Amino acid sequence: VRICVVGCGAVGSLFAANLARLDDVEVWAYDASQPHVDAINTGGLRLSGAGEVVGSVRATTDAQELPACDFGIVATKTMHTDAAIAATAPAFADGYVATVQNGLGNEETLAQHVARVIRGTTFPAGKILEPGHVQWDVKGDTTFGPFGDTPFEAVQQLADACTRGGMPAHAVEDARGPQWRKVIFNASTNPIGALTGLTHGRVCERPDLRALVSGLVDEGKAVAGAQGIVLDADPEDLIDHAAKPEVAYDHKASMLQDVEARRPTEIDYLNGGIVRFGREHGVPTPLNEAIWALVKGVEAAWQQ
Amino acid sequence: MAAAAVTRICVAGAGTIGSLLAGYLARVAEVSVLTRREEHARALNEQGLRVTGRGDFTSRVHASTDPGELAADLVVVACKGSDLAPLAQRLSGHFDGATVMTVLNGLGAEDVVGAHGGWPLLSSVTFMSGTRHGDAHVEYILDTATWIGPYRDTTRADAQSVADLIVASGLKAEAFDDLRPAQWSKLIFNATVNSVAALTGLPHDPHFAGEPLGPLVHALVDEGKAAAHAAGVELWEDPWEMNVLATQRGHAHRPSMLEDVEAHRPTEIDLITGALVREAEREGVPVPLHRALYALIKAKEASYS
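So the sequences go chain by chain: Y and A. For what it's worth, our numbering labels the leading residue of the first sequence as -12, then goes sequentially. For what it's worth, our numbering labels the leading residue of the second sequence as 3, then goes sequentially.
Since the hints were made in silico from the structure, they are not lab data. None of these values were measured; they are calculated from a predicted model. Among the hints, a few may not be true.
Residues from chain Y that face chain A, not an exhaustive set, calculated with beta carbons under 8 Å [to be verified]: (1) 126; (2) 127; (3) 183; (4) 185; (5) 195; (6) 269; (7) 270; (8) 273; (9) 280; (10) 288.
For glycine and all other residues, C-beta sits at the position ideal for the given N, C-alpha and C.
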């Protein structure tokens, strides 16, 4: 099986390096960063932290170098989805493309370029330490499900490979539950970290801030409920779990990392997505709108 | 308080606003300045207080860190909200017979000061702005007015006499029968604009009246107006219109709360948004967005350490 990770940032690297441990899987990585690609090709893709892995991965910044692949795993930031899949789509002419990205709307974007899409949601997290080297902060499960007409067997095959590689994954018929669970988790915590500068654990130990998080969660749940989506777990429980010292107390949300580096955030696909779906289904989301506006304001301030 | 009696004024807390008041009032009265730091007092005593911008002069003031050394008919408390409680404590037992006027953002400063002594109290809000260029140099930028009203054991006439003195000194001031309508207009404006600026890093610019922040600013103003209405206050000015006008001036003001956050200093959030949330709570008016901003700013302060 040949698998190409599209967007080999922190999360993409976790998939690429772990899958490369399997004898029956050949792993490619497509990424925009030349130093990262060069480092991977020279010394392998290295993970430290929650697991120590060095994966043999073939990396490229040139989509035309990609061979035909059985699976794609798209892990770019959401605002880069369209450009990344437009470039790499020929490699997936006979394959399946899964998203493990944050936010809402990625499957629809992929489906504009490739025929067979797999909905996915993943919980592991990390950060790039240096080219070719990723800190694995948090272990976690991944859920895959068919999008559109994608056959379930293909979803199972990908989930099986990930699980055997050390990235536990489940195949389910309707993966919207886990997806919305994660979107609600991220939309309710990431921007709070980004706006305050606090780690996940410190956000959760401030009662008034934790109450704001719950207000955001409640709006997200109402929007999911209005669409008939059954969450596979209560985001509240996951938020509290992640706040434990041994889990992700010290984790800086990816959006906080983005803000510190002055990179565009995923706010449009998180809180912005909840607001959009809320409007479509007549569910008011004033707190998500407020948080969306504040983070857009943060981004606007960088232009000055 | 007899109007004619105001010949000696002590400005307690000489930040930007306090320095502007001290510098100008020294042209029409005997002005002393109560400072927290010795070197601040020394700089003022040695160099005088230089005013630039809309003015260009240097005033002689007597400064000290010891309130016992200073005497006054009028004490003007012009510190930052986060410095108010310790400053009020230092005033305790001093300035017998004086009237105390607070010039702070938000609500509740009068009560904090009033708890430390039985002085007659005036409340005021100021819309002027400036920049402090050092302990003994302040630049006067926006020449908008200071509004004064009676608070405890004072009358409109007392407010008027202080306003007259300020006007005579070259600044703008007006007296009111009841300051609350103006105070609440400014409270809602500051609670909204200052905290949004501090969280986003944006100066008060057109983003606040259009995209992406206009709808949020409008919703915050509406929450504040509902609280004011429930408290029986008829606003002096519409805070949304104040917001729109201010963003059209061409010069984007950097609210002090933004400067505080960038310098990792404590903010005035408790006296501003905190006061608004407390008043709304007392009236049973939900203010979820202000509550959210309050929690975010408090958390941002916590992130300094």
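For each hint, the structure was consulted:
1. 126: Because about 27 Å separates residue 126(Y) from the closest Cβ in chain A, which is outside the 8 Å limit, the hint is violated.
2. 127: violated, 25 Å
3. 183: At 4 Å from the nearest chain A Cβ, residue 183(Y) passes the 8 Å test, so the hint holds.
4. 185: holds, 5 Å
5. 195: Given a least distance of 4 Å, the restraint on residue 195(Y) holds.
6. 269: Violated, about 18 Å.
7. 270: This interface hint is violated because 16 Å lies over the 8 Å limit.
8. 273: holds, 7 Å
9. 280: holds, 4 Å
10. 288: holds, 4 Å
In summary, the numbered hints that this structure violates are 1, 2, 6 and 7.
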